[in-house]
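Number of protein chains: 2
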Amino acid sequence: MNFEVTILGCGAATPTGRYNPSAQIVNVHDKLFLVDCGEGTQMQIRKYKIRLQRIQHIFISHLHGDHYLGLMGLLSTLHLLGRNTELHVYGPSELKALIDLNLKVSQTWLVYPLHVHVLTPEVMEQIVEDKTMEVHSFPLKHRIATWGFVFKEKERPCKMRQEMVERLRLSPEEITRLKSGESITREDGQEIAPESTCEPAPPLRSYAYCSDTAVWEPLTEYIPGVDLLYHESTFLNREKTRAAETFHCTAEQAAEMAKKLNVGQLILGHFSARYDDMDKFTEEARPIFPNSVLAEEGKTYAVVAK
Amino acid sequence: MNFEVTILGCGAATPTGRYNPSAQIVNVHDKLFLVDCGEGTQMQIRKYKIRLQRIQHIFISHLHGDHYLGLMGLLSTLHLLGRNTELHVYGPSELKALIDLNLKVSQTWLVYPLHVHVLTPEVMEQIVEDKTMEVHSFPLKHRIATWGFVFKEKERPCKMRQEMVERLRLSPEEITRLKSGESITREDGQEIAPESTCEPAPPLRSYAYCSDTAVWEPLTEYIPGVDLLYHESTFLNREKTRAAETFHCTAEQAAEMAKKLNVGQLILGHFSARYDDMDKFTEEARPIFPNSVLAEEGKTYAVVAK
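For the record, the sequence lines run as chains A and B. Note that the numbering used here gives residue 283 to position 273 of the first sequence, counting from 1, and the numbers run on in steps of one. Note that the numbering used here gives residue 21 to position 11 of the second sequence, counting from 1, and the numbers run on in steps of one.
It is possible that part of the hints are untrue.
[Unchecked claim] Listed next, the in silico BS3-like pairs over lysine-lysine satisfying Cα-Cα at most 25 Å (straight line):
#1 B/Lys270 with B/Lys162
#2 B/Lys57 with A/Lys59
#3 A/Lys162 with A/Lys189
#4 B/Lys189 with B/Lys141
#5 A/Lys164 with A/Lys41
#6 B/Lys164 with B/Lys41
#7 B/Lys189 with B/Lys169
#8 A/Lys114 with B/Lys151
#9 B/Lys309 with B/Lys269
#10 B/Lys41 with B/Lys162
#11 B/Lys59 with A/Lys57
#12 A/Lys290 with A/Lys269
#13 B/Lys41 with B/Lys59
#14 A/Lys41 with A/Lys316
#15 B/Lys290 with B/Lys309
#16 A/Lys41 with A/Lys106
#17 A/Lys290 with A/Lys270
#18 A/Lys114 with B/Lys114
#19 A/Lys57 with B/Lys309
#20 A/Lys269 with A/Lys162
#21 A/Lys106 with B/Lys106
#22 A/Lys57 with B/Lys57
#23 B/Lys57 with A/Lys309
#24 B/Lys106 with A/Lys114
#25 B/Lys114 with A/Lys106
#26 A/Lys59 with A/Lys309
#27 B/Lys309 with B/Lys162
#28 B/Lys41 with B/Lys316
#29 B/Lys114 with A/Lys151
#30 B/Lys162 with B/Lys189
#31 A/Lys250 with A/Lys290
#32 A/Lys57 with A/Lys41
#33 A/Lys141 with A/Lys316
The hints are simulated quantities; they were obtained by calculation from the structure and are not laboratory data. Just so we're clear, the structure is a prediction, and the values are computed from it rather than from any experiment.
My request is simple: use the sequences and hints to build the entire structure.
Right, dumping it as structure tokens:
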């Protein structure tokens with residue numbers, strides 16, 4: 011089943027010719043989530059041929075311009091294109107007032123149902139769930155209230171091994187019990203364990219987005235062992251002091267966190283406009299966490315079990 | 011002296027791969043004015059290597075997203091780049107509340123003085139003036155309050171013809187009087203007219219921006235005879251009914267207005283995303299007003315006296 015991340019923008023606050031501000035599409039089992047929506051995101055979505063109307067959920071990590079200023083344009087375009095399905099937007103408490111004021115001044119009454127959900131500060135919380143996956147928000151450490159998001163696959167119901175059903179002549183009732191994880195003891199004393207009759211389940215995968223944040227130890231509680239981690243690395247080591255002052259991280263600090271969390275792969279992103287030689291980011295990260303890669307706009311990263 | 015217009019965006023409400031939303035730079039005597047600021051304008055400014063910090067005035071025609079959603083990103087970038095000179099923004103009355111709310115939620119205190127000026131509805135009004143030029147706003151006819159802008163060169167003080175100063179042995183006092191337009195009668199009865207002693211003044215040029223608007227007869231009072239006119243032509247003739255319903259114009263209607271106003275050249279812009287064959291716009295406009303051209307992003311149009 012699909013589980014992948016497409017980077018639309020991985021630059022920091024001032025857009026450059028090279029990078030757009032923050033935005034990415036997370037595809038979990040063919041459900042599309044937009045995470046952050048900096049200026050120009052709708053153009054990036056179009057450029058990379060992602061179907062705009064398939065997005066059902068938008069998560070805004072915080073209200074610095076490079077993470078939300080593309081939202082109103084996107085909402086407006088969905089409206090002008092005649093969307094008729096629900097859209098759910100999650101963000102800080104002030105987001106609704108921002109959306110409402112923009113709609114009011116342009117005298118726009120959206121043709122689709124828009125639900126704006128307020129993220130809860132300071133705690134981890136499940137915000138989306140369906141049969142096969144769930145999304146949780148969790149606090150980051152930044153100048154203003156900021157959230158990260160983690161996408162996790164859920165345990166799937168046991169899929170019966172057909173040859174065992176036949177060999178053991180399992181009854182529908184026995185199948186139901188085995189699928190729910192129960193062991194069975196037959197009248198003749200035969201024991202059947204559910205593990206022996208289910209297809210081995212593929213490992214559950216997870217992806218976490220952490221931008222923007224200073225070094226933030228509580229991540230070890232929120233997202234230990236995720237398979238793929240996008241972690242901001244606004245700066246290189248020589249701007250370490252500046253990173254601390256502005257509640258951002260260096261590539262080395264992102265790598266240290268990836269190591270501590272024992273993740274599968276680290277994507278470095280949210281690069282300051284001051285740098286030209288981007289290889290420096292991986293050069294500083296890899297000695298600490300070898301499986302570190304640079305975010306590249308337009309590139310899709312598969313979430314692979316460790 | 012420089013007087014030219016660089017188009018940054020000439021698409022309509024939904025951005026396409028081809029066109030960006032409305033924005034243009036008007037350079038009058040090396041003063042830069044930004045007219046409208048749709049999403050992505052700051053990236054366009056960077057792409058076309060216009061020096062961001064040289065912009066001192068921004069005019070927002072109205073509060074439909076494709077005309078203002080790039081403003082906050084631009085204001086924020088000027089801030090992050092450490093601007094320290096004044097910036098003047100002119101727009102509808104609700105613009106200040108929008109700017110204030112965005113600055114509040116991001117907890118941003120701009121490092122430069124920002125002055126937000128409210129445009130006056132329903133009348134023509136001078137909004138900027140210096141020694142050599144002036145800008146006026148005037149009402150357009152759209153779904154919400156919308157303004158156009160006209161940039162005009164001012165009459166320049168007489169520049170004395172050096173050979174006349176010498177031949178007539180003009181005294182400093184006589185020069186001052188001639189420069190101010192007075193005629194002189196000398197004691198010997200000799201009459202000197204100012205026209206004979208001043209260099210011939212170049213014709214005064216003017217440029218008007220009209221987007222968005224339905225067909226709007228009062229333009230004949232506001233901007234008769236401008237040398238260059240940017241007039242919206244969102245639609246082609248076959249969408250004439252749609253144009254009227256949405257308070258927009260067709261290319262033909264823009265050309266009819268250009269003819270009625272007796273302008274020098276017409277730039278057609280604000281194209282709906284539905285069209286691919288853009289030559290159709292000039293094909294429909296030129297039979298009515300031959301000197302009609304298509305707006306092209308990145309292209310600079312000189313304002314030339316008729």
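Each hint tested on the structure:
Proximity of lysine 270 of chain B to lysine 162 of chain B is assessed by CA-CA distance (about 19 Å); at most 25 Å being required, the pair is judged to hold. A hinted pair counts as satisfied when its Cα atoms are at most 25 Å apart, and lysine 57 of chain B with lysine 59 of chain A qualifies at roughly 22 Å. Straight-line distance between C-alpha atoms of lysine 162 of chain A and lysine 189 of chain A comes to about 22 Å, which keeps the hinted pair within the 25 Å bound. Taken as a hint, the lysine 189 of chain B and lysine 141 of chain B pair is honoured in the structure, with Cα atoms around 16 Å apart against an allowance of 25 Å.
For the hint pairing lysine 164 of chain A with lysine 41 of chain A, the CA-to-CA distance comes to about 14 Å; that is within 25 Å, so the pair holds. Only pairs whose Cα atoms come within 25 Å are accepted, and lysine 164 of chain B paired with lysine 41 of chain B is accepted, the gap being roughly 14 Å. Our distance criterion of 25 Å between C-alpha atoms is met by lysine 189 of chain B and lysine 169 of chain B, whose separation comes to about 7 Å. Our distance criterion of 25 Å between C-alpha atoms is met by lysine 114 of chain A and lysine 151 of chain B, whose separation comes to about 19 Å.
Simply put, lysine 309 of chain B and lysine 269 of chain B have alpha-carbon atoms about 24 Å apart, close enough for the 25 Å limit, and the pair holds. A hinted pair counts as satisfied when its Cα atoms are at most 25 Å apart, and lysine 41 of chain B with lysine 162 of chain B qualifies at roughly 13 Å. Restraint check for lysine 59 of chain B and lysine 57 of chain A: the C-alpha separation of about 22 Å stays at or below 25 Å, so the hint holds. Our distance criterion of 25 Å between C-alpha atoms is met by lysine 290 of chain A and lysine 269 of chain A, whose separation comes to about 19 Å.
Simply put, lysine 41 of chain B and lysine 59 of chain B have alpha-carbon atoms about 16 Å apart, close enough for the 25 Å limit, and the pair holds. Among the hinted pairs, lysine 41 of chain A with lysine 316 of chain A is consistent with the structure: their alpha-carbon atoms are about 22 Å apart, no more than 25 Å. Proposed proximity of lysine 290 of chain B and lysine 309 of chain B is supported: the alpha carbons are some 20 Å apart, at most 25 Å. For the suggested pair lysine 41 of chain A and lysine 106 of chain A, the alpha carbons sit about 24 Å apart, so the restraint of at most 25 Å is met.
The suggested pairing of lysine 290 of chain A with lysine 270 of chain A holds, with an alpha-carbon distance near 22 Å, which does not exceed 25 Å. Of the supplied pair hints, the one linking lysine 114 of chain A and lysine 114 of chain B holds, its CA atoms being roughly 18 Å apart against a limit of 25 Å. Simply put, lysine 57 of chain A and lysine 309 of chain B have alpha-carbon atoms about 22 Å apart, close enough for the 25 Å limit, and the pair holds. Note on lysine 269 of chain A and lysine 162 of chain A: the hinted pairing holds, with a Cα-Cα distance of about 20 Å set against a maximum of 25 Å.
Our distance criterion of 25 Å between C-alpha atoms is met by lysine 106 of chain A and lysine 106 of chain B, whose separation comes to about 18 Å. For the hint pairing lysine 57 of chain A with lysine 57 of chain B, the CA-to-CA distance comes to about 17 Å; that is within 25 Å, so the pair holds. Between the alpha carbons of lysine 57 of chain B and lysine 309 of chain A the distance comes to roughly 22 Å, so the proposed pair stays at or under 25 Å and holds. As the CA atoms of lysine 106 of chain B and lysine 114 of chain A are separated by approximately 14 Å, the hinted pair is consistent with the 25 Å bound.
With a C-alpha separation of about 14 Å, the suggested pairing of lysine 114 of chain B with lysine 106 of chain A holds against the 25 Å cut-off. At roughly 12 Å between alpha-carbon atoms, lysine 59 of chain A and lysine 309 of chain A fall within 25 Å of each other, so this suggested pair holds. Under the criterion of a C-alpha separation no larger than 25 Å, the hint pairing lysine 309 of chain B with lysine 162 of chain B is consistent with the structure, at around 21 Å. Pair hint lysine 41 of chain B plus lysine 316 of chain B holds up; C-alpha atoms about 22 Å apart against a cutoff of 25 Å.
Simply put, lysine 114 of chain B and lysine 151 of chain A have alpha-carbon atoms about 19 Å apart, close enough for the 25 Å limit, and the pair holds. Our distance criterion of 25 Å between C-alpha atoms is met by lysine 162 of chain B and lysine 189 of chain B, whose separation comes to about 22 Å. In summary, the hint linking lysine 250 of chain A to lysine 290 of chain A is supported, as the alpha carbons are separated by about 14 Å, within the 25 Å threshold. Between lysine 57 of chain A and lysine 41 of chain A the alpha-carbon distance is near 20 Å, which keeps this suggested pair within the 25 Å criterion.
For the suggested pair lysine 141 of chain A and lysine 316 of chain A, the alpha carbons sit about 23 Å apart, so the restraint of at most 25 Å is met.
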